[in-house]
Amino acid sequence: MKEFLISLLQNQILVYTVMAFVPLAFVVPFALFAVWWERKISAHMQDRLGPMRTGGWHGWSQTIADIGKLIQKEDIIPAASDHFLFKLAPYIVFTGSYAAYAAIPFSAAYVGSSINIGLFYVIAISSLVVVGLLMAGWASNNKWSLFGALRSAAQIVSYEIPAALALLAVVMVAGTFDLQEINRLQGGWFWHWYAFSNPLLFLAMVIYFVSSLAEVNRTPFDIPEAESELVAGYHTEYGGMRFALLFLSEYANMFAVSAIASTLFFGGWNSPFGNALTGPWWGLIWFVAKGMTFIFIQMWLRWTLPRLRVDQLMYVAWKVLIPFAFVIIFGVGIWTLVVR
Amino acid sequence: MITTATTDGPTIRRTETIPGLRRSLRAHEMIVNMGPQHPSTHGVLRLELIVDGEIVVDVIPHIGYLHRCFEKHCEHMTNYQQVVPYADRMDYVAAMSNEFGYVVAAERLLGIKVSDKVEFTRVIMAELSRIASHLIALGTYGMDIGAFTPFLFCMRDREHILDIFETTCGARLLYNYMWIGGLSHDPPASFKDKVRDFCRYFKPKINELNELLSYNKIFIERTAGVGVLPPEVAVNYAVSGPTLRGSGVQWDLRRNDPYSVYDRLQFDIPVGKGIKGRVGDCWDRYMVRVEEMAQSVRIMEQAVEMMPSEGDVQSAIPKRIRPAAGEVYARTETPKGELGYYIVSDGTASPFRVKVKAPSFVNLSALPAMSRGAMISDVVAILGSIDIVLGEVDR
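Chains as they are written, first to last, in my numbering: chain A, 73 to 412; chain B, 19 to 413.
Calculated from the structure, these hints are not laboratory results.
Here a beta-carbon is modelled for each residue, glycine too, at the ideal position from N, C-alpha and C.
Heads up, some of the hints might be wrong.
Pairwise CB distance ranges, derived in the manner of DEER restraints [what the hints assert, rightly or not]:
(1) A:Pro101 to B:Asn51: 53 to 59 Å
(2) B:Val253 to A:Lys391: 36 to 42 Å
(3) B:Asp181 to A:Ala97: 47 to 53 Å
(4) B:His80 to A:Val94: 52 to 58 Å
(5) B:Arg86 to A:Ile143: 40 to 46 Å
(6) B:Ile49 to A:Ala92: 42 to 48 Å
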């Protein structure tokens with residue numbers, strides 16, 4: 073795709089600018105769709121209909137109307153807040169979650185930046201989010217926001233460890249950090265996907281998925297924004313476009329972790345049916361479909377399960393997931409030695 | 019409150035003390051106001067939390083945001099009958115039970131005996147109301163713990179109860195249905211069938227709730243062993259209703275001090291057994307409510323069969339309510355606990371004094387004892403498990 077753009081635009085800087093905006097063209101419509109989808113899913117799980125009016129067919133344009141409302145809203149900054157940090161925080165949060173998209177391979181023909189440490193980069197850059205959340209909570213000068221920010225900092229930092237360890241197991245099998253290369257290694261029928269070709273990696277997938285739920289603050293780990301306890305957590309004081317940006321990055325993050333899960337464990341843009349239905353566009357469709365499946369599971373869990381307490385959350389991370397992740401890494405090491 | 023501690027010397031030293039707190043704050047402690055606008059205080063309750071990080075050191079409930087002078091209003095009514103719509107507005111999720119308590123008290127004061135048809139209709143209404151109240155309590159409790167879906171399932175079932183109320187007296191929230199000496203309307207011809215249909219419909223729904231919420235691992239983790247109220251502490255605080263029974267004390271006024279026709283009906287009194295944690299924890303209080311719903315269905319099934327179809331529900335309504343000077347205390351078992359009405363008559367047409375012992379108010383007083391040392395999330399769970407309605411706490 074890069075070569076195509078260079079031939080089209082004849083300007084290196086312009087090409088990079090266009091490349092940087094391509095994922096945005098996916099993330100924003102995705103977030104709009106996912107919010108509507110989540111509302112519909114939750115509604116149908118709860119004997120309701122959800123939005124039905126706006127736009128005609130099943131309220132499809134409800135979130136578009138919502139975002140229009142949020143843009144028009146007055147930009148309120150609490151007088152007692154730290155103005156600079158308060159304004160900066162949403163951008164940092166969004167930067168953290170959006171920058172991860174640079175290395176995510178959407179298709180065989182498109183990856184923003186095909187760096188050889190792609191996976192490492194994604195894990196590292198998404199940690200930036202927690203800085204933004206902490207900033208938002210602290211700058212709001214609100215005790216509840218601070219609680220939310222501290223909880224999310226503790227939670228995300230803790231859960232990054234099992235998530236990274238689970239991903240490390242894949243790296244050991246694949247022998248590379250390059251996400252595009254990991255995809256190519258899983259080519260062929262769906263039993264070549266890492267989750268199905270190796271039972272240990274399936275367990276690693278489970279660990280990664282659970283940790284990713286915590287990283288994106290979804291139920292049962294939605295403690296930082298626990299509605300019934302903290303009202304809204306770190307974004308309590310935010311309104312209008314700043315709130316929309318925090319919300320957008322939350323959904324962007326949801327897809328980012330789902331994309332990582334589908335890339336590393338479910339073949340990314342590979343077709344499940346061998347060489348049938350392959351190609352760059354089919355690759356994109358498969359990739360988004362797999363990501364959406366994970367998004368659906370996240371939503372499904374959210375509207376089914378209660379929420380853990382903050383100490384129980386830490387227990388799950390440090391005493392359950394991390395030891396198991398170590399066992400899996402050990403097992404994968406032995407597996408690699410024996411099978412090869 | 020600023021108290022001037024000492025005035026010796028040229029400077030005045032001032033020590034800030036917090037109302038209700040016996041000591042000043044330590045350096046690492048912080049005061050957080052939970053409410054009056056907070057999703058988990060179930061209304062306009064303000065909890066002043068003194069927290070050490072996530073650990074709650076002390077809880078001071080501040081009430082009165084919904085005070086509507088119920089008792090003073092009663093003294094200025096032109097007659098006893100006019101108190102009933104006001105009684106509705108105390109525990110507004112179980113208004114029938116409030117009316118029931120008041121009419122029982124007033125009838126005892128007047129020495130009126132009402133017909134079986136009236137009594138059984140009242141019992142059915144009160145039990146429907148108990149289920150409606152418990153559904154709200156359990157649904158919102160799930161929401162406090164973070165599970166949103168059970169709430170809507172509970173509201174769906176509650177709708178059927180409100181439909182029965184609507185066909186009976188036209189109202190869905192505040193009924194003014196039970197009058198002193200009778201009822202406002204004769205139950206419609208389809209009343210018995212509707213109640214039977216509801217019982218048949220509702221029984222499997224209890225299992226659905228259990229599968230979705232009660233025996234969920236995370237839910238048990240969050241509630242079992244949390245907010246333990248030992249039986250002797252519960253009795254000392256005079257808590258009642260499911261909060262008391264959750265602590266393993268078998269005390270139900272329908273059995274221990276029978277009123278109306280409850281002595282003719284068969285039912286069990288579920289108590290907390292500490293199956294998942296310790297006796298008197300949040301899960302026990304929750305489970306008592308679930309089991310009580312099944313018992314209410316049982317009561318209604320019997321009452322529907324025993325209720326006579328013929329008869330005038332207004333025959334015993336006195337033309338002129340003017341009780342002789344005297345006083346009465348009548349207590350009934352509402353979904354929240356023991357609701358007592360103390361009525362003093364001075365021989366005129368309006369009550370001289372109506373004092374209400376509200377179960378939510380008494381149960382709330384045990385909150386600090388249960389919450390000390392818990393975490394902020396636990397306070398939400400504990401408050402939800404005692405199921406208060408602010409209309410009744412503040413009156």
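For each hint, the structure was consulted:
1. Taking 53 to 59 Å as the suggested C-beta distance range, the pair Pro101 of chain A and Asn51 of chain B does not conform, at roughly 41 Å.
2. Against the hinted window of 36 to 42 Å, the Cβ-Cβ separation of Val253 of chain B and Lys391 of chain A comes to about 39 Å, which satisfies the hint.
3. The hinted window of 47 to 53 Å between Asp181 of chain B and Ala97 of chain A holds, with their beta carbons roughly 50 Å apart.
4. Distance hint for His80 of chain B and Val94 of chain A: a CB-CB separation of about 55 Å, consistent with the stated range 52 to 58 Å.
5. Distance hint check: the CB atoms of Arg86 of chain B and Ile143 of chain A are about 42 Å apart, consistent with the given range 40 to 46 Å.
6. Hint check: Ile49 of chain B to Ala92 of chain A, Cβ distance near 47 Å, so the stated range 42 to 48 Å holds.
Hint compliance for this structure: hint 1 is the single one not met.
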